[in-house]
Amino acid sequence: GTPSFPHHSVVRNYLADIAREAGLTLGGENEHVVALNSAVTRVSKVANGKHTGWIVEWRNVVDGTVSKEQFDVVVVANGHFNKEIEPPGIRQHLLAANPSMRVLHSKEF
Numbered sequence: 287g288t289p290s291f292p293h294h295s296v297v298r299n300y301l302a303d304i305a306r307e308a309g310l311t312l313g314g315e316n317e318h319v320v321a322l323n324s325a326v327t328r329v330s331k332v333a334n335g336k337h338t339g340w341i342v343e344w345r346n347v348v349d350g351t352v353s354k355e356q357f358d359v360v361v362v363a364n365g366h367f368n369k370e371i372e373p374p375g376i377r378q379h380l381l382a383a384n385p386s387m388r389v390l391h392s393k394e395f
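Residue numbers (the numbering used here): 287 to 395.
Since the hints were made in silico from the structure, they are not lab data. Just so you know, even glycine gets a beta-carbon here, dropped at the ideal spot from N, CA and C. There could be a bad hint or two in this list.
Cut-off 25 Å, straight-line C-alpha distance, at most; resulting in silico cross-link-like pairs (SDA-like, lysine to any residue) [stated by the list, open to error]: (1) Lys-354 <-> Thr-327; (2) Lys-354 <-> Pro-373; (3) Lys-354 <-> Ala-302.
Cβ-Cβ distance ranges computed for the label pairs, FRET-style [as the list claims (entries may be wrong)]: (4) Gly-350 <-> Ala-382: 47 to 55 Å; (5) Ser-330 <-> Arg-388: 42 to 50 Å; (6) Asn-346 <-> Ala-382: 43 to 51 Å; (7) Asn-323 <-> His-379: 40 to 48 Å; (8) Asn-299 <-> Asp-358: 43 to 51 Å; (9) Asn-346 <-> His-293: 17 to 25 Å.
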């Protein structure tokens, strides 16, 4: 099966394959719609008549280049589920009731 924490190269290749299969490649210097090694520095809403969209600015964390592009839609995926959040003391409470119990956060299975 897939490991819980796959190597970054596995994730990168997976995203590249999905983008290619879904026709989300742009060609040229912006090969993929997914920009890896990038930090978003600003997202601004724009309205041009009936059309609204978003200007996204980002910086490549490897070489420092700054880019800006307009998009119709923006998805924010900040990874805040990367660290599990549990009610304080829940594991201790459950284990006090049954020391042999296996307690897992949903992220762990």
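Would you say the C-beta atoms of Gly-350 and Ala-382 sit inside 47 to 55 Å of each other?
-> holds, 52 Å
Taking 25 Å as the top limit, are the C-alpha atoms of Lys-354 and Pro-373 close enough?
-> Measuring from Cα to Cα gives roughly 41 Å; hence the hint is violated.
Could you check the hint for me, namely that Asn-323 and His-379 are 40 to 48 Å apart, CB to CB?
-> holds, 42 Å
May I ask you to test the hint 17 to 25 Å on the CB atoms belonging to Asn-346 and His-293?
-> holds, 21 Å
Outcome for the supplied range 42 to 50 Å, where the beta carbon pair is Ser-330 and Arg-388 | Holds, since Ser-330 and Arg-388 (Cβ atoms, about 47 Å apart) stay within the stated range.
If you draw a straight line from the CA of Lys-354 to the CA of Ala-302, is it 25 Å or shorter?
-> Satisfied, since the Cα-Cα distance of roughly 21 Å is no more than 25 Å.
Are the Cα positions of Lys-354 and Thr-327 separated by 25 Å at most?
-> Since the Cα atoms of Lys-354 and Thr-327 sit roughly 10 Å apart, the hinted pair holds (cutoff 25 Å).
Range hint 43 to 51 Å (beta carbons of Asn-346 and Ala-382) holds or violated | Holds, since Asn-346 and Ala-382 (Cβ atoms, about 50 Å apart) stay within the stated range.
Does the Cβ-Cβ separation between Asn-299 and Asp-358 fall within 43 to 51 Å?
-> For Asn-299 and Asp-358 the Cβ distance comes to about 27 Å; the hint is violated.
Hint violations for this structure: numbers 2, 8, all remaining hints satisfied.
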